Amino acid sequence: MITQLKKIIDSSLRKIYPYIQRSYTKKIKGSKHNMFISYLAAPFYHRNDIKYLNHHQNRGETLIIGDILCELGISHKFVRLDKPLITYAGYDIVFGVEPNFIKACKANPNALKIYYATGAYCKYQNKAVRERTDQFNKSHNTSIPYYRLATEHDAIEIADAIIQIGTKHTIATYPKHIQNKIIPIRQTCHTYDTNDYIKNKLENVSYSDFVWMGSAGSILKGLDLVLDYFISHPGLNLHIFGNIDFDIWDYYKQRVIQCKNIHFYGLCDLDSDTVRNVGLKCAYVILPSASEGCPGSVINMAKLGCIPIVTPISSFEGLESYGLIIPSYTSEGIDMAIQTAINWTKDEINSKIEGIFDFSNKNFCKKTFTEDFQTALSAIISKYENKSAD
Numbered sequence: 001m002i003t004q005l006k007k008i009i010d011s012s013l014r015k016i017y018p019y020i021q022r023s024y025t026k027k028i029k030g031s032k033h034n035m036f037i038s039y040l041a042a043p044f045y046h047r048n049d050i051k052y053l054n055h056h057q058n059r060g061e062t063l064i065i066g067d068i069l070c071e072l073g074i075s076h077k078f079v080r081l082d083k084p085l086i087t088y089a090g091y092d093i094v095f096g097v098e099p100n101f102i103k104a105c106k107a108n109p110n111a112l113k114i115y116y117a118t119g120a121y122c123k124y125q126n127k128a129v130r131e132r133t134d135q136f137n138k139s140h141n142t143s144i145p146y147y148r149l150a151t152e153h154d155a156i157e158i159a160d161a162i163i164q165i166g167t168k169h170t171i172a173t174y175p176k177h178i179q180n181k182i183i184p185i186r187q188t189c190h191t192y193d194t195n196d197y198i199k200n201k202l203e204n205v206s207y208s209d210f211v212w213m214g215s216a217g218s219i220l221k222g223l224d225l226v227l228d229y230f231i232s233h234p235g236l237n238l239h240i241f242g243n244i245d246f247d248i249w250d251y252y253k254q255r256v257i258q259c260k261n262i263h264f265y266g267l268c269d270l271d272s273d274t275v276r277n278v279g280l281k282c283a284y285v286i287l288p289s290a291s292e293g294c295p296g297s298v299i300n301m302a303k304l305g306c307i308p309i310v311t312p313i314s315s316f317e318g319l320e321s322y323g324l325i326i327p328s329y330t331s332e333g334i335d336m337a338i339q340t341a342i343n344w345t346k347d348e349i350n351s352k353i354e355g356i357f358d359f360s361n362k363n364f365c366k367k368t369f370t371e372d373f374q375t376a377l378s379a380i381i382s383k384y385e386n387k388s389a390d
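Each residue of the sequence shown is one higher than the last, beginning at 1 in our numbering.
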């Protein structure tokens, strides 16, 4: 009887728990503000689950944002960005992403509205998706549909301010009249155990090995360009992490199955031996993305000493000293960048490996994200409070 009752309770909890994780509320005594955050809430229920937090950097960043709000003495409610709520009213600061960001802004018309931009402008991304997919279909005689089209919205117009994960290249994708609202910040990315890592890297690195890391939106992230290049260059090795869109895999599988120089690993935990070993081996990380601003996948591999070879939109300030910019979203652009990289001297490559390892680990971590986010948020709120007092 007790065992059966326990099973019923466990089953009920499994059904209820996902609903509980849709929101997280923290009331702070004496708080001047009540803040609505449309982003994630589940990470607060998995603080000690390292595997869960490693799945995507936004989970750890959510916890950091919560800690910052506590330090600033701001009461807050985190909600999952896409799940409907009974009410959105009762807040004087609204922060986050669509669609719940927009709903909360409308329910609190007098609130300070801060949009959290984590990528390129949605219309810029959609244009890139269409152009790159059309380019692929024309050159490969296929009819691949558009993947990763973003839902277009007016969040940036509604917002009083925008906190942007990215760089000057990301900001440039937005309309000019919006750009002065934007404050860029650095993201966290993964934190590895790097004891003696760079010494081992320089002893094991292969100057002919490259890694591509990504997820959905294979064409948008340039995987097709990379595969086409390495299929025709068997003397160079390509290592691929992440999911591949079904239609793209269906097109390439017979072409790559005989390629001994192309290796697929699927999704892997960033703390896995597989990721670490590939990081030790590869001199370069390549990502000819058409829309991502300073993508975490590139930074995660850069933190393992892989030299970035990326498009301007995927670059970051300081990259020119340690990596390469792919000049165009074409096979010629890929060839130009890779040929430049493999013709560097051994000393040049080793110097860039050490440089990008040090730069990325110092600039993209919890400490820098915390500093950047807290500085940006405090400045925005202070400006809002001063304006309200006038």
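Any given hint might turn out to be false.
Okay, the calculated beta carbon distance ranges per label pair [claimed, not checked]: (1) 86 to 30: 52 to 58 Å; (2) 382 to 263: 46 to 52 Å; (3) 203 to 266: 26 to 32 Å; (4) 71 to 22: 31 to 37 Å; (5) 151 to 375: 29 to 35 Å; (6) 375 to 123: 24 to 30 Å; (7) 52 to 362: 24 to 30 Å.
Derived by calculation from the structure, the hints in this document are not laboratory data. All values derive from a computational prediction rather than experimental measurement. Here a beta-carbon is modelled for each residue, glycine too, at the ideal position from N, C-alpha and C.
Note to self: Does the beta carbon distance between residue 71 and residue 22 stay inside 31 to 37 Å, or does it fall outside?
What the structure shows: violated (25 Å)
Margin query: Tell me if the beta carbons of residue 52 and residue 362 are separated by a distance inside 24 to 30 Å.
Written below: The hinted range 24 to 30 Å holds for residue 52 and residue 362, with Cβ atoms some 26 Å apart.
Margin query: Assuming the hint says 26 to 32 Å, is it satisfied by the Cβ distance from residue 203 to residue 266 or not?
Written below: holds (28 Å)
Next item on the list: Take the C-beta atom of residue 151 and the C-beta atom of residue 375, compute their distance, and say whether it sits inside 29 to 35 Å.
Entry: Distance hint for residue 151, residue 375 holds at roughly 30 Å.
Checklist line | residue 263 and residue 382 - C-beta distance against the hinted 46 to 52 Å | finding: At 51 Å between Cβs, range holds.
Next item on the list: Go ahead and decide if the range 52 to 58 Å is satisfied by the Cβ distance of residue 86 to residue 30.
Entry: Distance hint for residue 86, residue 30 is violated at roughly 27 Å.
Item checked: residue 375 versus residue 123 beta-carbon gap, inside 24 to 30 Å or not -> holds (29 Å)
Consistency note: the structure conflicts with the earlier hints numbered 1 and 4.
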